[in-house]
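Protein chains: 2
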Amino acid sequence: MRLHEPSIQDSSVRGVRLLELRHVEDALRGDLTVLEFDESLPFQPRRCFWTHGIPDRAVRGEHAHRECSQVLIPVHGVFTLRVDDGCRREEWCLDRPHRGLLVPPGIWLEAEAHAPDAVLLALASHTYDPEDYIRDYTEFLRMMGGCPRSP
Amino acid sequence: MRLHEPSIQDSSVRGVRLLELRHVEDALRGDLTVLEFDESLPFQPRRCFWTHGIPDRAVRGEHAHRECSQVLIPVHGVFTLRVDDGCRREEWCLDRPHRGLLVPPGIWLEAEAHAPDAVLLALASHTYDPEDYIRDYTEFLRMMGGCPRSP
Numbered sequence: 001m002r003l004h005e006p007s008i009q010d011s012s013v014r015g016v017r018l019l020e021l022r023h024v025e026d027a028l029r030g031d032l033t034v035l036e037f038d039e040s041l042p043f044q045p046r047r048c049f050w051t052h053g054i055p056d057r058a059v060r061g062e063h064a065h066r067e068c069s070q071v072l073i074p075v076h077g078v079f080t081l082r083v084d085d086g087c088r089r090e091e092w093c094l095d096r097p098h099r100g101l102l103v104p105p106g107i108w109l110e111a112e113a114h115a116p117d118a119v120l121l122a123l124a125s126h127t128y129d130p131e132d133y134i135r136d137y138t139e140f141l142r143m144m145g146g147c148p149r150s151p
Numbered sequence: 001m002r003l004h005e006p007s008i009q010d011s012s013v014r015g016v017r018l019l020e021l022r023h024v025e026d027a028l029r030g031d032l033t034v035l036e037f038d039e040s041l042p043f044q045p046r047r048c049f050w051t052h053g054i055p056d057r058a059v060r061g062e063h064a065h066r067e068c069s070q071v072l073i074p075v076h077g078v079f080t081l082r083v084d085d086g087c088r089r090e091e092w093c094l095d096r097p098h099r100g101l102l103v104p105p106g107i108w109l110e111a112e113a114h115a116p117d118a119v120l121l122a123l124a125s126h127t128y129d130p131e132d133y134i135r136d137y138t139e140f141l142r143m144m145g146g147c148p149r150s151p
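Chains as they are written, first to last, in our numbering: chain A, 1 to 151; chain B, 1 to 151.
If you are wondering where the hints come from, they were derived from the structure by calculation, not from laboratory data.
Values in this document were obtained by computation on a predicted structure and should not be read as measured data.
A portion of the hints provided could be inaccurate.
Derived coverage of chain A by chain B (criterion: at least 3 residues anywhere in the stretch with Cβ under 8 Å from a Cβ of chain B; other residues may be distant) [unchecked claim]:
1) 27-35
2) 39-53
3) 135-145
Pair by pair, the computed Cβ-Cβ distance ranges are [to be verified]:
4) Gly15/A / Leu141/B: 48 to 54 Å
5) Arg14/B / Arg96/A: 49 to 55 Å
6) Pro148/B / Arg2/A: 23 to 29 Å
7) Glu20/A / Arg135/B: 24 to 30 Å
8) Arg14/B / Asp132/A: 35 to 41 Å
9) Arg96/A / Thr138/B: 36 to 42 Å
10) Leu18/B / Arg88/A: 44 to 50 Å
11) Met143/A / Tyr137/B: 41 to 47 Å
12) Arg89/A / Arg29/B: 32 to 38 Å
13) Ser7/A / Leu141/B: 57 to 63 Å
14) Ala115/A / Gln9/B: 21 to 27 Å
15) Arg88/A / Asp132/B: 31 to 37 Å
16) Glu20/A / Asp117/B: 20 to 26 Å
Heads up, the beta-carbon is just placed ideally off N, CA and C, and yes, glycines get one too.
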């Protein structure tokens, strides 16, 4: 049995972080990943959702949130997340059930290249509110105001 | 696209309920299941965990909680949950990612017969506390006091 403690890795996209979650590997009993909200998240989740059976050519997400923060975890299978703060963009291939991507509000998010068995678990800081979604990329870019200039 | 609204089914084991969760079936974009905590749970989760890669002969759980409530969901694959209030016992084969079992404190719980690809997601009302676990079944039965007698 092997216990792995949690850790955090920064990204170049504003506020996006890769969370390595506490997990136990046990060849006899199977593996377990734990997320203690107080300890590991900058918000208290009020909602969660999971996507499954996503066709491999489908793109999910394609929006940003005004207020809602999320953590997105591949609890089974593999998918790719694209995160974009209006200035910098990154792609993350998420393929471990103990690694999640923390996405603050004001980040354009797309999920794609889902393996047939992929399950994306999201924990969200807010209940569902259609007014919280920015679904137009041009509007998103205008709100973000482009890249900060060097002084 | 088809939207299914949430519902609740009682069981014969004290306080255990099957939650049918809100979910959207979409052949083009894939399926999504949502759990709004305020709306569908009698507690605010403070922790979640998921088990994966469980050998098919392994039995997980084998404890009751003193205070902690949980909801247990097969976000991928299939497993069986055995719930026992010290008087009545039931087995639930959980095989749909939009059905979860709500398990209050004071219920002996065992998970077994995991398919190789099964992922059990648990949302828990309390942070991890080893003192909250009752791991001895005889002690559990003594605490529960057996079946209530007919008047």
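Check your understanding: So which hints don't hold here, by number, going up?
Key -> 3, 5, 6, 11, 12, 13, 14 and 15
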